[in-house]
Amino acid sequence: MLPWVFLVVSAAMILPAAAAFAAGDEPGEYLDRRVVIWNLFFKMMTVAFTVGAVVSGTIIWLIWRFRESNPKAKPTPYEGTDW
Amino acid sequence: MLELQKPRPIWQIMFSTHHTDVGLLYLITSLGFLFLGGALALAIRAELFLPGAQIISDAMTFNRMFTVHGTTLIFLFIIPFASAVGNYFVPIMVRYKDMAYPKLNAIAYWMIPPSGALIWLGFADFTWYATPPYSIISAPGPAADMWIFGLKILGISSILGSINFIVTILKCKHPDMSIGQVPLLAWSFLSSSLIILVAIPTFAAALLMLLTDRLGVSGFFNPALGGDPIAYAHLFWFTFHPEVYVLVIPAIGMMYEIIPRFSRKPIFSYNSGVFAFVLLSIVGFSSWAHHMYATGMSFTEKTVFMVGTLAAVPASAMHVFNFIATMWNGRIRFSSPMMWAVGGIALFFSAGAGGVVNSAMPLDFTTHDTYWVVGHFHLFVMGTIAFGSIGYLYYMFPYVTGRMYNEAMGKIHFIMSFVGTVMVFFTQHVLGLYGMPRRVFDYPPIPEWIAMNQIASIGAMIIGVSMVVFLANMIHSSARGAPANIEDPFGLGGRYYYPFEARNPRH
Numbered sequence: 001m002l003p004w005v006f007l008v009v010s011a012a013m014i015l016p017a018a019a020a021f022a023a024g025d026e027p028g029e030y031l032d033r034r035v036v037i038w039n040l041f042f043k044m045m046t047v048a049f050t051v052g053a054v055v056s057g058t059i060i061w062l063i064w065r066f067r068e069s070n071p072k073a074k075p076t077p078y079e080g081t082d083w
Numbered sequence: 001m002l003e004l005q006k007p008r009p010i011w012q013i014m015f016s017t018h019h020t021d022v023g024l025l026y027l028i029t030s031l032g033f034l035f036l037g038g039a040l041a042l043a044i045r046a047e048l049f050l051p052g053a054q055i056i057s058d059a060m061t062f063n064r065m066f067t068v069h070g071t072t073l074i075f076l077f078i079i080p081f082a083s084a085v086g087n088y089f090v091p092i093m094v095r096y097k098d099m100a101y102p103k104l105n106a107i108a109y110w111m112i113p114p115s116g117a118l119i120w121l122g123f124a125d126f127t128w129y130a131t132p133p134y135s136i137i138s139a140p141g142p143a144a145d146m147w148i149f150g151l152k153i154l155g156i157s158s159i160l161g162s163i164n165f166i167v168t169i170l171k172c173k174h175p176d177m178s179i180g181q182v183p184l185l186a187w188s189f190l191s192s193s194l195i196i197l198v199a200i201p202t203f204a205a206a207l208l209m210l211l212t213d214r215l216g217v218s219g220f221f222n223p224a225l226g227g228d229p230i231a232y233a234h235l236f237w238f239t240f241h242p243e244v245y246v247l248v249i250p251a252i253g254m255m256y257e258i259i260p261r262f263s264r265k266p267i268f269s270y271n272s273g274v275f276a277f278v279l280l281s282i283v284g285f286s287s288w289a290h291h292m293y294a295t296g297m298s299f300t301e302k303t304v305f306m307v308g309t310l311a312a313v314p315a316s317a318m319h320v321f322n323f324i325a326t327m328w329n330g331r332i333r334f335s336s337p338m339m340w341a342v343g344g345i346a347l348f349f350s351a352g353a354g355g356v357v358n359s360a361m362p363l364d365f366t367t368h369d370t371y372w373v374v375g376h377f378h379l380f381v382m383g384t385i386a387f388g389s390i391g392y393l394y395y396m397f398p399y400v401t402g403r404m405y406n407e408a409m410g411k412i413h414f415i416m417s418f419v420g421t422v423m424v425f426f427t428q429h430v431l432g433l434y435g436m437p438r439r440v441f442d443y444p445p446i447p448e449w450i451a452m453n454q455i456a457s458i459g460a461m462i463i464g465v466s467m468v469v470f471l472a473n474m475i476h477s478s479a480r481g482a483p484a485n486i487e488d489p490f491g492l493g494g495r496y497y498y499p500f501e502a503r504n505p506r507h
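These protein sequence lines map, in sequence, to chains A and B. FYI, the numbering for the first sequence is 1 to 83, going by my numbering. FYI, the numbering for the second sequence is 1 to 507, going by my numbering.
Bound-form chain B, shown alone (with noise of 0.2 Å):
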């Protein structure tokens, strides 16, 4: 397990296909993409510090920023990271040697390389949505084609990682074991990899469309050529709606592992947490098109949507309850993971309360297209799924470098990350409101708005300072940190009896 303590040759970690191995390459490519997206946030947010241009220097130059901000935090961070931990610990939970089938762990980690530099070094400028008709008929290539086919490739990726993950946890688990046994974190990528198998084709389907629209063959989006811009919404939509969970799934999953351990107690409903990951993996799909109620829907299919949309709170609500019930009555150690599984916790009860307010067709209305939309999702994938993906590095950091980071800064990262994002994301709810549309360059000079639009930029650099104490505490501690006690890195007592389980062959 310990990657990085015995110094090795580096193409032996590139050309490893042992799950450990891989799972390191997942590990570093998701980090570099974090870091990355998140220096495109920032140049997004000091831009809309003041109304007017102020350092990019026109508008498509901004909607290349954010559309590339977006496509490589989701597609590039929040995916390989989630790779990356069922790459470590799926194998190790479920007691076998290593993934399903190796060598194709490691096509589908190489995928994800080709396709990160097709997207930045088109650097597309039609959102992450890919809007049609712009993105068929204006949008400047070879950009948006180099956008369509890192997309494509990322999506054989996810496929290609699904399967692996399925077959791992239900064929090749221990003959002892049933799936009933089965840690919860697995259960998680069990959950989510049915959802990619089920979800991804149809987007796969939508990017080819796209593409021969693109190319003049085909009208599928095009309303010149009698093609209607809607159906690609509901092709996105029946997509990424579920893609949420994919993202949110793997997190809560990593936020199981975390909270009994440093509660110093089992999980409260074991089987609580299974049933509501199967239930969000099933009510993923039954919501898709309250993002498209501003598209002429008839009454009754809104009203479908919106109930659709709702069955997810008691999925969610089990989980949040669950974890509270972990940590009542525990001895609770607040060390840095703990401490981001709880943020994330308290997070993702309030980008969910939003959700509910969103899902409301009236007021879905009064908030589309609005700041309101921004600060909603962000709370979500930066509140709740990066928050607990960091949560789980610092917990699996001693495990992976055989040293310890440095406890205090990993305390500042959390705190100076949970003030900036409730001033950023919590802000925008509130300048949505106020009627601020989203994806916008430029912005009249209302007091409000500019109030509003500081504050949001303040936090954000509180988050972009925060992110550099975490990169030097990564860095000097995976170098020099103080030798773990791989046993019990975090002094909780009790057995660990899976992670250090795990030994690398070529160790």
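Only chain A is shown next, with the shape it has when bound in the complex (with noise of 0.2 Å):
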């Protein structure tokens, strides 16, 4: 049930900002494109390497800590049955 609500709030979030993010493309403005450009990439290269820093670093954490020859590894409740 979760996965469909988060959807339908994403589709309800992302649809009306794009339709008013096309609508505004008006001729006659000017932009230094090169600057809009490379000022765009660099914001999103921050956001990516950032989460790629949390998801990186929480599976380098994950190997070091639950692999089996860590000394504080312990069975897990599913060990020796049919799951």
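I should point out that these hints are in silico values taken from the structure, not numbers from a laboratory. Each hint should be verified, as a subset may be incorrect.
What the hints assert, rightly or not - A short, non-exhaustive set of chain B residues, derived as facing chain A with CB atoms under 10 Å: (1) V167; (2) L170; (3) A224; (4) V357.
Stated by the list, open to error - List time: in silico DSS-like cross-link candidates among lysine-lysine, alpha-carbon distance up to 30 Å: (5) K103(B) / K173(B); (6) K173(B) / K97(B); (7) K152(B) / K103(B); (8) K103(B) / K72(A); (9) K171(B) / K152(B); (10) K171(B) / K97(B); (11) K103(B) / K171(B); (12) K74(A) / K411(B); (13) K43(A) / K302(B).
Ideal Cβ positions, reconstructed from N, Cα and C, are used throughout, including at glycine.
Hints given; two lone chains; assemble the complex.
Next up, the structure:
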């Protein structure tokens, strides 16, 4: 149920924003495209690297912490069962 | 299940319609094409090690090599490998004796060798996109025509295989098994098969139009006759952006088998896995024109496709979250399959992050047709799809051969491939930002370009060496490896409920 709610909420948020963004394309507006593009690039890369660092860091920590040779490792509740 | 343990005459396997025999044929064929396509990749990287002609005589030969490289690895390695896994495991997972249509299954396989022969004997030069109007007006025949026929046959094979998977999963599953109990690997095949059924006919039509254009009886994509090459781009990408999901969804399904098993825990959320597969199958069709931002589309159209592309992010993130949450609190054994799967997840995330940048239309103009695109695409196909597939090959090896592979060699294979993949494809992203165009035989001697091409080429050679280790391991272990404990080949405890339950009636 939760994923469906997530999907509907996402659509409700994204579609109006996209429509407003597209409607804002007015001729005659002066932009230094090079500056705009690279600013957008650096912003997106900052977000990507931040999220990437969190996800990669989590994976590396998981590998270290939950490897079976870690002294703190303990059997999961499912071991020896027919799960 | 033990296909290779009891020797049988080769014809008995070749003309069998049993799903494990057909799976074995798919497996061997796909691995053969992996090495052929990989050899071409090494030649391409060796050529680009320095500016100027190095080992390849001319640009036309170079074009032929990267055309056949791409066609081979996508259509003759990744898809047949997924079919091999599906043939082996889907009937077992849905508890049926075979695929729904065994003869159709064998026919679908037997379309692949002639297609491969057409593609390799022709050795076309117009890229795996068959770029019109070049492919219509001046691409040399019969190579181009052989490529078109080869792809046509492969498309029919894919459609037959998809129908078989869909019917097997939906109609032949055990009556006691609801669709909500079908393992995620089988769900991945159901999703990708449905995508194939919707997507492939469009490209089949485009191929026919391309062929009649080449024959001069039509002008669909020929500007001189009033046609439009951009129409081909729409038809091509309507098929081949969803096709990316056809390639990646089974690989993710394979990871869904490996990660819980080696974490000694059930999957964190089965429902979100199913939901994400279905969502990817749908949104895969809402993003094809993001490949075409530079073709003069209106701002509104580009915005729609940008949003459509970004819609794939939540589904992909669900998979990554599911994998991480499954590993959490597990007791993980890092045997080769698990190393490949975890490496694949890490690279999947990196490839996806690059894709988000690509989908933003202003940035796409900056990176369009540069090595960024090459890096992004290959990070998906090599870093995610091939990693998931090779991990699964190690996983299924004991069930196919009855023997264990050499674990140390499997780990060496993984480490070298992971390092090589990062060296090649991360570097290519940066190379693209430095402006190097893709699909070029030669490049100006700009010091940064030379340095990055050399890093990429050395990375490719490392992957090449790792593949030699892999080949030696597979050949030696399938003949002389230690006998596997089929009940628990990886020593994880617990009971494996399906892989060894298949019984080939011929054994």
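Consistency of the hints with the structure:
{"no.": "1", "hint": "V167", "verdict": "violated, 27 Å"}
{"no.": "2", "hint": "L170", "verdict": "violated, 22 Å"}
{"no.": "3", "hint": "A224", "verdict": "violated, 33 Å"}
{"no.": "4", "hint": "V357", "verdict": "holds, 6 Å"}
{"no.": "5", "hint": "K103(B) / K173(B)", "verdict": "holds, 19 Å"}
{"no.": "6", "hint": "K173(B) / K97(B)", "verdict": "holds, 10 Å"}
{"no.": "7", "hint": "K152(B) / K103(B)", "verdict": "holds, 20 Å"}
{"no.": "8", "hint": "K103(B) / K72(A)", "verdict": "violated, 53 Å"}
{"no.": "9", "hint": "K171(B) / K152(B)", "verdict": "holds, 28 Å"}
{"no.": "10", "hint": "K171(B) / K97(B)", "verdict": "holds, 13 Å"}
{"no.": "11", "hint": "K103(B) / K171(B)", "verdict": "holds, 17 Å"}
{"no.": "12", "hint": "K74(A) / K411(B)", "verdict": "holds, 24 Å"}
{"no.": "13", "hint": "K43(A) / K302(B)", "verdict": "holds, 20 Å"}
In the structure shown, a violation is registered for the earlier hints numbered 1, 2, 3 and 8, in ascending order.
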